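Per the numbering used here, residue 2 is the first one in the sequence shown, and the count goes up by one each step.
Incorrect hints may appear among the rest.
Stated by the list, open to error - Okay, the calculated beta carbon distance ranges per label pair:
| id | residue 1 | residue 2 | range |
| --- | --- | --- | --- |
| 1 | R110 | R19 | 16 to 26 angstroms |
| 2 | P60 | A120 | 26 to 36 angstroms |
| 3 | H107 | G29 | 12 to 22 angstroms |
| 4 | S27 | S73 | 27 to 37 angstroms |
| 5 | E15 | A108 | 17 to 27 angstroms |
| 6 | V28 | S73 | 18 to 28 angstroms |
| 7 | Q86 | E15 | 14 to 24 angstroms |
| 8 | E45 | P105 | 27 to 37 angstroms |
| 9 | R19 | Q75 | 23 to 33 angstroms |
| 10 | S73 | A40 | 12 to 22 angstroms |
| 11 | S73 | H107 | 31 to 41 angstroms |
| 12 | E69 | S121 | 27 to 37 angstroms |
| 13 | R19 | H107 | 15 to 25 angstroms |
| 14 | S73 | A108 | 28 to 38 angstroms |
Bear in mind the hints are in silico, worked out from the structure with no lab data behind them. Bear in mind the structure is a predicted one, so any value in this text is a computation, not a measurement. Cβ coordinates follow ideal geometry from the N, Cα and C atoms, glycine included.
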Amino acid sequence: MAIAGVISIIDDEEPVRRAIGSLLRSVGYDVLLFASAEAFLGDETHLSCTCVVSDIHMPGMSGIELLELLRSRQVFIPFVFITAQPDQMVRARLGDQICVLQKPFHADRLMACIESAAASQLRK
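Please model the entire structure based on the sequences and the hints provided.
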């Protein structure tokens with residue numbers, strides 16, 4: 002069951018953005034789609050989202066760079082990362098508190114990660 006909130010999806014691949022957006026809308030989430038980290042930062046609503054689902058490797062700013070920038074600004078939105086190129090160094094850098102899913106991933110795993118992240122945000 003979806004927890005109320007807005008989920009921002011950031012991925013440079015439009016089919017991926019649209020597929021994840023459709024999945025999340027089908028279970029009741031409000032969804033915002035962004036083609037880049039820069040587009041997300043340029044949208045005034047980005048601070049009000051409950052969770053961010055972001056690709057790690059994108060042209061321009063990476064998903065990890067976005068997370069680090071937000072943290073440096075004292076913005077603590079939960080992130081779920083998706084990637085076609087998993088890397089143990091990336092996982093070590095992010096720690097155990099952030100879900101990292103390798104593409105392709107099962108919808109149930111994505112939903113579990115989002116629901117956990119969104120629940121932690123709503124408790125704050």
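Do the beta carbons of E45 and P105 sit within 27 to 37 angstroms of each other? The hinted range 27 to 37 angstroms holds for E45 and P105, with Cβ atoms some 33 angstroms apart.
Range hint 14 to 24 angstroms: satisfied by the CB atoms of Q86 and E15? Taking Cβ atoms as reference, Q86 and E15 lie about 19 angstroms apart, which means the hint holds.
So the hint says 15 to 25 angstroms: do the beta-carbon atoms of R19 and H107 match that? Since R19 and H107 have Cβ atoms about 18 angstroms apart, the given range 15 to 25 angstroms holds.
Range hint compliance [Cβ, S27 to S73, 27 to 37 angstroms]: 35 angstroms, holds
Taking 12 to 22 angstroms as the hint, is the beta-carbon distance of S73 and A40 inside that range? At roughly 19 angstroms between Cβ atoms, A40 and S73 fall inside 12 to 22 angstroms, so the hint holds.
Do the beta carbons of S73 and H107 sit within 31 to 41 angstroms of each other? About 33 angstroms separates the Cβ atoms of S73 and H107, which means 31 to 41 angstroms holds.
Kindly confirm whether 23 to 33 angstroms is satisfied by the beta carbon distance between R19 and Q75. For R19 and Q75 the Cβ distance comes to about 32 angstroms; the hint holds.
Is the distance from the Cβ of V28 to the Cβ of S73 consistent with 18 to 28 angstroms? Since the Cβ atoms of V28 and S73 sit about 32 angstroms apart, the hinted range of 18 to 28 angstroms is violated.
I want to verify a distance hint. Is the separation of the beta carbons of H107 and G29 within 12 to 22 angstroms? 19 angstroms, holds
Given the hint of 28 to 38 angstroms, check if S73 and A108 actually sit that far apart at their C-beta atoms. 33 angstroms, holds
Taking 27 to 37 angstroms as the hint, is the beta-carbon distance of E69 and S121 inside that range? 19 angstroms, violated
Okay, P60 versus A120 on CB: inside 26 to 36 angstroms? Holds, since P60 and A120 (Cβ atoms, about 32 angstroms apart) stay within the stated range.
This entry does not satisfy hints 6 and 12, going by the numbered hints stated previously.
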